[in-house]
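Given next are the chains, with one letter for each unit.
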Amino acid sequence: MRLLRSLAPIVGAAAVFLIGWRLVVVLGDYPAFILPPPEQVAARLARALADGTLVPHISATLTAVGLGLLVGAGLALVAGYLLARSGLAERLLSPYLVAAQATPILALAPLIALWFGAGLASKVVICALIVFFPVAVATMVGIRSVDARLLELGRSLRASRWQIFRHLELPAATPQILGGMRVGVTLSVVGAIVAEWAAPGERGLGMLVLLARGSLFDIPLMFATLITIALIGVALYLVVVVVERRLVGAWRSHS
Amino acid sequence: MEEGRRGLPRLDLCASRSPAAFALSPAVERPEDHRLATIRLNDVTRSFQLPAGRLNVLDCVTLSVAQREVVAVIGPNGSGKSTLLRLIGGLIPPDTGTISIDDQPVSEGDPRVGLVFQEPRLLPWRRAVDNVAFPLQLVGMSRQERRLRAMELLELVGMTDFADAYPHQLSGGMRQRVAIARALARHPSVLLMDEPFSALDALTRERFNLELLSLWQRTATTIVLVTHSIPEAVFLADRVIVLSPRPGRVVAELPVELPRPRRLEAVDEAAYSSIAASIRSYLAETDATAA
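In order, the protein sequences belong to chains A and B.
When you line the first sequence up against our numbering, it's residues 1 to 255, in that order.
When you line the second sequence up against our numbering, it's residues 1001 to 1291, in that order.
Quick caveat, the hints were computed from the structure, so don't treat them as lab data.
It cannot be assumed that every hint is accurate.
Claimed, not checked - Covered stretches of chain A (chain B as the covering partner; in silico rule of three or more C-beta atoms under 8 angstroms from a C-beta of chain B):
1. 6-18
2. 148-157
3. 243-252
It should be emphasised that the depicted structure is a prediction, and the values quoted were computed from it without experimental measurement.
For every residue, glycine included, the Cβ atom is placed at its ideal position computed from N, Cα and C.
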């Protein structure tokens, strides 16, 4: 019952979206190659899943996203910690970080494709690059905002540097780090798609979008692919939300 | 070991500033004083570097606290009371002078010391029991063992029923109980408390004072407690140390020779009042010299 009630608004909003979409198609009298109606896209999505068109592309993109997240967020945690705890690291690194972030990933992607080739490597690098910044900044802010009084407590208990990190700094910064991860996981999907366009390989949802619009000219398939991409983003975001609820839901008062 | 830092003949510097020079200190010659003193501070001076210049916080503090004694440190704001506790706890080193417990100099994170801060300082992501077990976890005690010990300690402070609660689910007083249990986790011989009950309402505070005394009777600890409250100091302590305004110096050491166990109802009796009155007059006097 409670599940039903919490799901009701989500289902309702989705219904409104689909009806609106359908209305635009009907009222504007658009042909399927401009804006296919939702039921046609749904049918095409089901068929693409059933006949195995979609799955290899999904797995290729997910591989890039997963590895990119692992590398990008992993490095970002280390860098964020260094930025927070070492004034020298901050002075040396932060100009480059900000400059790298200010350069659009779209502009960097061809260069990275040139350096790392058309394979998985360039996709992981691009994905990692785009994930890095939000997670690093969130980690830095999180570590910096750890209550100094808790750190004093740690020293009074003769905690080692590692123990202070493991038992005080990391848990205290977890809410902020996960906030950065929320942004990071959605961007990782963007990174993977951009990478597939900049370094075209054989597989990937970004490739499929290009194929569907180009040589296949199957616009419903293109829409089905776009929806798949969006759903992957939503799913990753939800994973972070669930992790967040498990890790910090109980101890953070919501008052 | 600290003398070399500045090469000052510190004994000479400090001699003129001992309490006797103020002619304020009553004769504190009790037989207990000749026992082995657990805590000893010898001519301890400490200053802090601020942007505006050097701030002398404590000046030539000499002090000893006997085993199992309860000493209350009282003084105006900024008289270095908290600094004094941090020095004894080894959290900061003195500029000059020596601090020892049982003739061994204190070190940072000294295992002989349990600290209770003004705020509970619990880890918000840990349940009460895991907060109490935290100091034990840091020394590598097994999960089962430390949980057992933590439950014992929670029982000692009357918090067994709230072992699984997170700090945000507890009241301020309950959190401070957990903090006290945590401070006792490693069986410290010295318990240092920095205005531990200042955030509590007056009634809760009285009850906590009583409970602290019963806790003290059940654990083998020497207690140094910083407080702002004269009644609290008199009720809890064997001896009250009055500090002057910054830089803090010991201006009086007043023995509280009242029978134990102490009862709350006795607080209004004449013996308490007269000690409280003399503490007040010392505090007023330090105020006058400062002004």
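- [ ] State whether the coverage of the stretch 148-157 of chain A by chain B holds or is violated, taking the criterion as 3 or more residues with Cβ-Cβ distances under 8 angstroms.
- [x] holds (count 7)
Open item on the list: Please check whether the stretch 6-18 of chain A has three or more residues whose CB lies within less than 8 angstroms of a CB on chain B.
Closed with: violated (count 0)
Open item on the list: Can you tell me if the stretch 243-252 of chain A counts as covered by chain B, using C-beta to C-beta distances under 8 angstroms and a minimum of three residues?
Closed with: Contact hint for the stretch 243-252 of chain A vs chain B: holds, 4 residues under 8 angstroms.
Against the hints set out earlier in the document, a violation occurs for number 1 only.
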